[in-house]
Amino acid sequence: MKNFNYINAPDLPSALEALAKPDAYLVAGGTNALVDIRAGKINDRTLVNIQGLTEFDRITLQENGRIQIGALTAISKLAASDLLAEKAPALYQAACNFADPLTRNSATIGGNLANASPAADTAPPLLALDAELLLASRFGERRLPLQEFFLGVGKTALVPGEMVLAVEFMPNSFSSFLKLGLRQAMAISIVTAAAALSLDKEGIVREFHLAFGSVGPTPLRAYNGEKAVTGTEFADPEVIKQLQEAVQLDINPIDDLRAGAGYRREMAGVLAKRAILSAGREVGQ
Amino acid sequence: MSGTFEINLRINGQEAVLPTTAEKSLLRFLREHNYWDVKCGCEEGDCGSCAVLLDGRAVKSCITLAAACNGREIWTNRGLGRTDELTKKLQAAFVESGAIQCGFCTCGMIIAAKHYLEQGGKADRSQIKEAISGNLCRCTGYVKIVDAVYGVALEMGTGGI
Ligand SMILES: Cc1cc2nc3c(=O)[nH]c(=O)nc-3n(C[C@H](O)[C@H](O)[C@H](O)COP(=O)(O)OP(=O)(O)OC[C@H]3O[C@@H](n4cnc5c(N)ncnc54)[C@H](O)[C@@H]3O)c2cc1C
Numbered sequence: 004m005k006n007f008n009y010i011n012a013p014d015l016p017s018a019l020e021a022l023a024k025p026d027a028y029l030v031a032g033g034t035n036a037l038v039d040i041r042a043g044k045i046n047d048r049t050l051v052n053i054q055g056l057t058e059f060d061r062i063t064l065q066e067n068g069r070i071q072i073g074a075l076t077a078i079s080k081l082a083a084s085d086l087l088a089e090k091a092p093a094l095y096q097a098a099c100n101f102a103d104p105l106t107r108n109s110a111t112i113g114g115n116l117a118n119a120s121p122a123a124d125t126a127p128p129l130l131a132l133d134a135e136l137l138l139a140s141r142f143g144e145r146r147l148p149l150q151e152f153f154l155g156v157g158k159t160a161l162v163p164g165e166m167v168l169a170v171e172f173m174p175n176s177f178s179s180f181l182k183l184g185l186r187q188a189m190a191i192s193i194v195t196a197a198a199a200l201s202l203d204k205e206g207i208v209r210e211f212h213l214a215f216g217s218v219g220p221t222p223l224r225a226y227n228g229e230k231a232v233t234g235t236e237f238a239d240p241e242v243i244k245q246l247q248e249a250v251q252l253d254i255n256p257i258d259d260l261r262a263g264a265g266y267r268r269e270m271a272g273v274l275a276k277r278a279i280l281s282a283g284r285e286v287g288q
Numbered sequence: 015m016s017g018t019f020e021i022n023l024r025i026n027g028q029e030a031v032l033p034t035t036a037e038k039s040l041l042r043f044l045r046e047h048n049y050w051d052v053k054c055g056c057e058e059g060d061c062g063s064c065a066v067l068l069d070g071r072a073v074k075s076c077i078t079l080a081a082a083c084n085g086r087e088i089w090t091n092r093g094l095g096r097t098d099e100l101t102k103k104l105q106a107a108f109v110e111s112g113a114i115q116c117g118f119c120t121c122g123m124i125i126a127a128k129h130y131l132e133q134g135g136k137a138d139r140s141q142i143k144e145a146i147s148g149n150l151c152r153c154t155g156y157v158k159i160v161d162a163v164y165g166v167a168l169e170m171g172t173g174g175i
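Those protein sequence lines, which keep their order, are chains A and B.
Per our numbering, the first sequence starts with residue 4, numbered consecutively.
Per our numbering, the second sequence starts with residue 15, numbered consecutively.
In short, the hints are calculated from the structure, not lab data.
Possibly wrong hints are sitting among the right ones.
Cβ-Cβ distance ranges computed for the label pairs, FRET-style [claimed, not checked]:
hint, chain 1, residue 1, chain 2, residue 2, range
1, B, Glu87, A, Asp26, 27 to 35 Å
2, B, Leu32, A, Met173, 44 to 52 Å
3, A, Thr233, B, Lys102, 55 to 63 Å
Cβ atoms here follow ideal geometry from the backbone N, Cα and C, with glycine treated the same way.
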């Protein structure tokens with residue numbers, strides 16, 4: 004027997020108050036929540052609707068140069084953002100390849116991160132962009148680097164009663180995202196990769212961030228891969244080979260319905276190469 | 015709120031005050047209140063046969079919480095077919111192109127197509143395919159559906175070749 008209560012939270016204080024109750028279950032777009040309710044994975048909860056918190060449904064370029072995206076921003080809004088297309092192509096590309104146009108109208112970026120699927124498409128770009136989360140509970144707000152947010156499949160560093168308000172990052176036009184799925188649209192990924200790059204005048208890689216989805220229990224940063232490339236000449240074929248070997252130490256893929264672990268390892272190398280080349284393409288020329 | 019409670023919304027242009035429960039999907043809610051053109055296919059967001067317009071945006075009603083639609087506006091294919099010129103054109107084009115076989119996916123397809131064209135979508139076959147990529151059809155092989163939307167896009171003069 005399904006047994007739920009419902010609270011509509013029209014503003015942040017009422018949302019935080021409702022979330023403080025032990026049986027509270029936050030619902031944003033509902034695209035994961037409704038599937039989980041139907042499957043019986045959640046029950047005996049008070050659903051807290053936060054769609055009225057419209058101040059968290061926006062993308063802003065802040066005075067300090069950082070981009071802030073409110074948790075309730077729909078993926079379709081990211082996919083229609085000229086700002087992101089120019090200044091954070093990795094996230095823009097992830098949004099354009101997310102699910103299908105209808106699901107994108109409902110799915111929110113906060114829900115995508117909080118759901119903590121290893122295959123969450125917005126996670127690798129945001130990890131590569133070194134994003135930070137703005138979290139809030141009745142006891143106040145705090146900031147948390149996204150790297151420290153994902154703890155396991157469906158597990159996050161959110162404490163009971165806490166929610167994601169926004170995600171923030173420094174723009175990087177030299178960033179890219181690639182998704183390998185079983186079909187073009189509406190596919191959960193086999194592997195995703197995102198890269199963000201900064202080069203100096205001589206074409207040396209000053210900073211390189213690489214992140215993967217679907218090759219471990221959480222979306223992850225590939226620190227070994229990053230180290231193999233930092234300080235080297237951009238697009239040196241030898242270095243790219245070393246990158247492809249190094250990322251094998253970062254990932255820990257499994258066999259599942261969609262692909263085997265061996266294939267995922269192979270493809271993680273391929274996507275790492277394509278992601279870095281695609282991120283640096285404009286500077287490379 | 016617990017048990018059964020009422021929500022206020024506009025459905026197909028009419029004010030409605032109707033009962034729901036906390037966890038009910040918009041799909042179940044609409045079908046329980048006799049909006050049978052909203053089809054129940056996979057009920058997990060994959061097939062798109064339950065698509066409706068919610069405040070003007072196409073969404074899958076099976077993964078939308080009914081209670082969260084309080085105060086909002088919903089249009090289904092049937093309601094749009096009575097009042098909306100673009101939907102009338104799409105419906106006629108689907109019939110003319112043979113884009114309907116069993117018909118189960120049609121209502122959702124029309125919603126997805128209307129959304130695409132209203133967002134400025136062009137007569138471009140690959141973009142049309144992307145626009146209906148969240149809607150499954152097991153009969154037509156999609157070609158005739160794409161033909162129908164393409165024809166309406168051309169007629170609207172939204173560009174293309
Ligand atoms: C057909 C289909 C296709 C999909 N395709 C993709 C895809 O291609 N890529 C992909 O990454 N995902 C995909 N998904 C999964 C899903 O759509 C996304 O994860 C989506 O972004 C979830 O957002 P939501 O607003 O719908 O979350 P909800 O379902 O409302 O919530 C999801 C979870 O996050 C929690 N939550 C939501 N917002 C917050 C917040 N602000 N703070 C704290 N907790 C919060 C909720 O409590 C819940 O546990 C797909 C889902 C479906 C049904």
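To see whether the hints hold, each was checked on the structure:
1. Glu87(B) with Asp26(A): 27 to 35 Å: The hint (27 to 35 Å, Cβ to Cβ) holds, given that Glu87(B) and Asp26(A) are roughly 31 Å apart.
2. Leu32(B) with Met173(A): 44 to 52 Å: For Leu32(B) and Met173(A) the Cβ distance comes to about 48 Å; the hint holds.
3. Thr233(A) with Lys102(B): 55 to 63 Å: 59 Å, holds
The structure meets every hint from the earlier list without exception.
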